[in-house]
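S.K.: As a plain string of letters, each chain reads:
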Amino acid sequence: MTRRAYDDGRTAAYNYAYLDEQTKRMIRRALLKAVAVPGYQVPFGSREMPLARGWGTGGIQITAAIIGPADTLKVIDQGADDTTNAVSIRRFFERTAAARTTEATAAATIIQTRHRIPEQPLAAGQILVYQVPLPEPLRRLEPREAETRKMHAWAEYGLMHVRLYENIARFGEVTTTYDYPVAVNGRYVMAPSPIPKFDNPKMDMCPALQLFGAGREKRIYAVPPHTRVVSLDFEDHPFRIQSWTEPCGLCGATDTYLDEVVTDDRGGRMFVCSDSHHCETRRAEGHHGPMLAAAASIHLVEKEDAA
Amino acid sequence: MYVAVKGGEAAILATHELLAETRRGDPAVPEIAPAQIREQMGLAVARVMNEGSLYDPDLAALALKQAQGDTIEAAFLLRAYRTTLPRFGASLPLDTGAMAIRRRISAAYKDLPGGQVLGPTYDYTHRLFDFALEEGGETPALTPAPAPLAETMPRVPDILGQEGLMEAEAPPEGDPAPFDLTRASVSFPAGRDVRLQAMARGDEGFMLGLGYSTQRGYGNAHPFAGEIRLGEVAVSFVPEELGFAVDLGDLTLSECQMINQFAGSKDIPPQFTRGYGLAFGHAERKVMSMALVDRALKARDLGEAADYPAQQEEFVLYHADNVEAAGFVEHLKLPHYVDFQGELELIRRIRAEREARLAKGQDHLPEAAE
Amino acid sequence: MTLAVNPAQLGADPAPILSAGDVSRFYGERIGCAGVSFDLWPGEVLGIVGESGSGKSTLLRCLAGIDRPDQGEVRFAGRAGGMLDIFSVSEQERRAMMRTEWGIVHQNPRDGLRMHVSAGGNVGERLMDRGDRHYGRIRAAAADWLARVEIDPGRIDDRPVQFSGGMQQRLQIARVLVSGPRLVFMDEPTGGLDVSVQARLLDLVRVLVRDLGLAAIIVTHDLAVARLLTDRLMVMKAGRVVEQGLTDQVLDDPQHPYTQLLTSAILSA
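Going down the list, the sequences are from chains A, B and C.
Per the numbering used here, the very first residue in the first sequence carries number 1; after that it's consecutive.
Per the numbering used here, the very first residue in the second sequence carries number 1; after that it's consecutive.
Per the numbering used here, the very first residue in the third sequence carries number 1; after that it's consecutive.
Please note: incorrect hints may appear among the correct ones.
[Stated by the list, open to error] As a list, the in silico DSBU-like pairs of lysine-lysine whose alpha-carbon atoms are at most 35 Å apart:
{"id": "1", "chain 1": "B", "residue 1": "K6", "chain 2": "A", "residue 2": "K202"}
{"id": "2", "chain 1": "B", "residue 1": "K333", "chain 2": "B", "residue 2": "K65"}
{"id": "3", "chain 1": "A", "residue 1": "K33", "chain 2": "A", "residue 2": "K150"}
{"id": "4", "chain 1": "A", "residue 1": "K24", "chain 2": "B", "residue 2": "K6"}
{"id": "5", "chain 1": "A", "residue 1": "K202", "chain 2": "A", "residue 2": "K150"}
{"id": "6", "chain 1": "A", "residue 1": "K24", "chain 2": "A", "residue 2": "K150"}
{"id": "7", "chain 1": "A", "residue 1": "K303", "chain 2": "B", "residue 2": "K333"}
{"id": "8", "chain 1": "B", "residue 1": "K6", "chain 2": "B", "residue 2": "K333"}
{"id": "9", "chain 1": "A", "residue 1": "K303", "chain 2": "A", "residue 2": "K150"}
{"id": "10", "chain 1": "B", "residue 1": "K65", "chain 2": "A", "residue 2": "K202"}
{"id": "11", "chain 1": "A", "residue 1": "K24", "chain 2": "A", "residue 2": "K202"}
{"id": "12", "chain 1": "B", "residue 1": "K6", "chain 2": "A", "residue 2": "K303"}
{"id": "13", "chain 1": "B", "residue 1": "K110", "chain 2": "B", "residue 2": "K65"}
{"id": "14", "chain 1": "A", "residue 1": "K150", "chain 2": "B", "residue 2": "K333"}
{"id": "15", "chain 1": "A", "residue 1": "K24", "chain 2": "B", "residue 2": "K333"}
{"id": "16", "chain 1": "A", "residue 1": "K33", "chain 2": "B", "residue 2": "K333"}
{"id": "17", "chain 1": "A", "residue 1": "K24", "chain 2": "B", "residue 2": "K65"}
[Unchecked claim] Simulated restraints, written as ranges between beta carbons of each label pair:
{"id": "18", "chain 1": "A", "residue 1": "R139", "chain 2": "C", "residue 2": "L228", "range": "40 to 50 Å"}
{"id": "19", "chain 1": "A", "residue 1": "R28", "chain 2": "C", "residue 2": "R133", "range": "50 to 60 Å"}
{"id": "20", "chain 1": "A", "residue 1": "R266", "chain 2": "B", "residue 2": "V329", "range": "50 to 60 Å"}
[Claimed, not checked] Part of the chain A face toward chain B, derived, beta carbon under 7 Å:
{"id": "21", "residue": "F44"}
{"id": "22", "residue": "A52"}
{"id": "23", "residue": "G54"}
{"id": "24", "residue": "W55"}
{"id": "25", "residue": "T177"}
{"id": "26", "residue": "P194"}
{"id": "27", "residue": "R240"}
{"id": "28", "residue": "Q242"}
{"id": "29", "residue": "T245"}
{"id": "30", "residue": "T254"}
{"id": "31", "residue": "D255"}
{"id": "32", "residue": "D259"}
Calculated directly from the structure, the hints in this document are not laboratory data.
The structure presented is a predicted model; accordingly, all values stated were derived computationally and were not measured.
Note that beta-carbon positions come from the ideal geometry of N, C-alpha and C, so glycine has one too.
Here chain A stands alone, though its shape is the one from the complex (with noise of 0.2 Å):
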């Protein structure tokens, strides 16, 4: 099998960042249009990839696609840097385009992600590229492509209304609490892929380029820099974000989205930053939470002699 082994040893017989040029003009045409367009849902010709579909085939064509020898990539899975999938997208772009990496929000010049927008503002000049599993906010109200494709065509959207009315007729609010539907720039309605409600805000008007891709379903949209990027809502229901009654236990923040971790199996439990760097700077700023002590002995942390 010596004529086309390809091992660890041999990434070199792949092109950098593994795409091909051909492939890589392709989506970089469908980036255009998206970014000509925002919110509309290009189709373009996703490639199987080496990794699951599901599993971030759409952010990484769309990395692959736009990452040079000069950027520095940031790869994050529920806002943590070092989740395993994050791991395993990062390694991918190291070997195959050698790629400088960074944990650094502020440093990247190109960040992947999967369900979370740093809580660290982004600048100008930065990417943020999203992986999205479902890309038609219609899906389930209507599960037929040639339908919601016409639903959008012609701005029909009032069906999106009837599923929040039904959530407020029934719960007093809107229920939906990750891939809360949003309306870019007056125009198309859109899938923010399932970040919680909470960073809904972030995105709007944004200095920062928004670029989300959807491997399977063969979908790539985006939001330009500073675009209007508004959640739906009744007038009388206005949007509302996630809040916590307590502060982060690490960092003692109060203004982030926290994780709820299970410290025991007496009813034990801790809420920390989901965003592991920024929760990090935090602390190497002297900022403490209140658990800070008891993360430690659960080995979530560890204490470090100051170097």
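On the provided structure of chain A, position chains B and C as indicated by the hints.
M.R.: This is chains B and C only, laid out in the frame that chain A set:
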């Protein structure tokens, strides 16, 4: 200061080592070679080549070994490799009429030119264990047939076509290059080229279930197995610099042509319609299932009602791809802490608000009425 | 035969709201409906009667913009004046007209309602379609319309699956009327209902159509329904109109042998 404990990368590398050990199994048992898989597990190899969309028995066998016999994982390996291959061009259309036949049966005609050729099949075996296979040994020698097979074996739909009884299948106007669903995104309504491609690489189990559903009333099928054939077909290619066709080699193919009723319409007299299935290797169940669903998906073109899953192309095409399906089902293993936290926060708050309301004796909101 | 109707006689505007010209639709070699022409005036209620299979539902689907006729045209009075051929405008425009200018009450409520959306959501959908974004006002409008179709507004959060057949039909009517259409199509609106429920529904439809000054086209096989609700009748047989005229004239003095057969059947029943 306290820093986060990180072990993701080390943990991932450790899983790779464990996987290699598990794959090998008991080292006291001799290791299997891809060539053994290729030669002795040919039907599994065929399935991996079909669902992996690449005719390469050696690589399919290696994929099966690497995937511990998991055909979907093996197909995934093959596809991820296939997508990186350069494209030199397209072959000339294959002529299955010129197939070197190993098996050819028709359920529509008792006898026909070329006759029925049973070939290698499990159809007439009794499903009793052959414990002699535990030991292994020599395979009994074949008894040669008294006469060679006929030179020509016309395809059954062609025989019907001479009478005008079978729907003609001409290429679309201008004979454009077929769609390639591995290079471009499918849109709907999808052409027949797209449908056939999607089904050819579709999961055999899914296609079987859908085909079966058309027989059981979820679709108005009255099929006859017009012909099923298995054998080798030559692949020809015209290199630009030569300008004439050269033979690249042979493919083993299975083909099924189902014959179905059609009442006719205002413009077309009553005639038979075709359901078509084609697959790499010996894959009869696959091509028969595919042919049933192909015919069901013609409902729209023929102006028939399309009420059942097998007749709805979006349903069939989007869900037949087992590599995509497996990826998305299995992505549920990825962390969803963030979204789950959102749901936790919501349900706790709604419950707290409800408790508070009930404590005050109010009930403005309806109970979650079910 | 054609009986000329003077719109002034009906107290209607002089311009038709809907005009059908030679509308024909085929199913394979079979005729669905053929050569149907008529004008419908604002505020007028037209009945289409005939046996099942006579082509009346096929005709209704063409008139309502659901199915494109193979021949002929259907023209609708645009808000800006002038008649629009509903099949030559874009699909987008046609869909918008189907949501705002006219509505369809289907024979089977499942075709006209979202069965797993609450009654309030069903009625409110058209308001949200046109851009209403105030939950309280949408809900108030829905409650008001539920009351007008005699559904207890206390059931606003119940779903149609929890309603009786008669309530489902009334909910469909509320869902259609909430956006103030000028024309309503009804396909066998009383089909499948008990006699007492039918009477109540017919009474409701009669009052609503009169109060709102709606034009309506009602397909029915039931001549009693036609007599109670309609101003004018078209009798269909084998896809063609065999007789049309004022309802009382057609029913009391039928000219065509087929109409005579239909009316005698109901008399002797």
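S.K.: Would you check the hint for K150 (chain A) and K333 (chain B), treating anything up to 35 Å between C-alpha atoms as holding?
M.R.: This hinted pair holds, its Cα atoms lying about 34 Å apart.
S.K.: When you check the alpha-carbon spacing of K303 (chain A) and K150 (chain A), does it fall within 35 Å?
M.R.: violated (57 Å)
S.K.: Within 35 Å, alpha carbon to alpha carbon, are K65 (chain B) and K202 (chain A)?
M.R.: Violated. K65 (chain B) to K202 (chain A) sits at ~47 Å, over the 35 Å cutoff.
S.K.: Within a Cα-Cα threshold of 35 Å, do K24 (chain A) and K333 (chain B) meet the stated pairing?
M.R.: holds (29 Å)
S.K.: Does the Cβ-Cβ separation between R139 (chain A) and L228 (chain C) fall within 40 to 50 Å?
M.R.: For R139 (chain A) and L228 (chain C) the Cβ distance comes to about 45 Å; the hint holds.
S.K.: Starting from K24 (chain A), check that the Cα of K202 (chain A) is at most 35 Å away, please.
M.R.: Between K24 (chain A) and K202 (chain A) the Cα gap is close to 29 Å, so the pair holds against 35 Å.
S.K.: Can the restraint linking K110 (chain B) and K65 (chain B) be considered satisfied, given a maximum Cα separation of 35 Å?
M.R.: violated (43 Å)
S.K.: Can the hint on D255 (chain A) be confirmed by a CB-to-CB distance to chain B that is less than 7 Å?
M.R.: Where the cut-off is 7 Å and the nearest Cβ of chain B is about 15 Å from D255 (chain A), the hint is violated.
S.K.: Let me know if the C-beta of G54 (chain A) comes in closer than 7 Å to any C-beta of chain B, holds or violated.
M.R.: Cβ of G54 (chain A) sits 3 Å from chain B, so the hint holds.
S.K.: Quick one, are K33 (chain A) and K333 (chain B) close enough, alpha carbons at most 35 Å?
M.R.: Holds. K33 (chain A) to K333 (chain B) sits at ~33 Å (cutoff 35 Å).
S.K.: Keeping to a limit of 35 Å between CA atoms, is the pair of K202 (chain A) and K150 (chain A) held or broken?
M.R.: Since the Cα atoms of K202 (chain A) and K150 (chain A) sit roughly 29 Å apart, the hinted pair holds (cutoff 35 Å).
S.K.: Can the hint on D259 (chain A) be confirmed by a CB-to-CB distance to chain B that is less than 7 Å?
M.R.: It holds, given that the least Cβ distance between D259 (chain A) and chain B is near 5 Å, below 7 Å.
Taken one by one, the earlier hints fail for this structure at numbers 9, 10, 13, 19, 20, 27, 29, 30 and 31, listed in ascending order.
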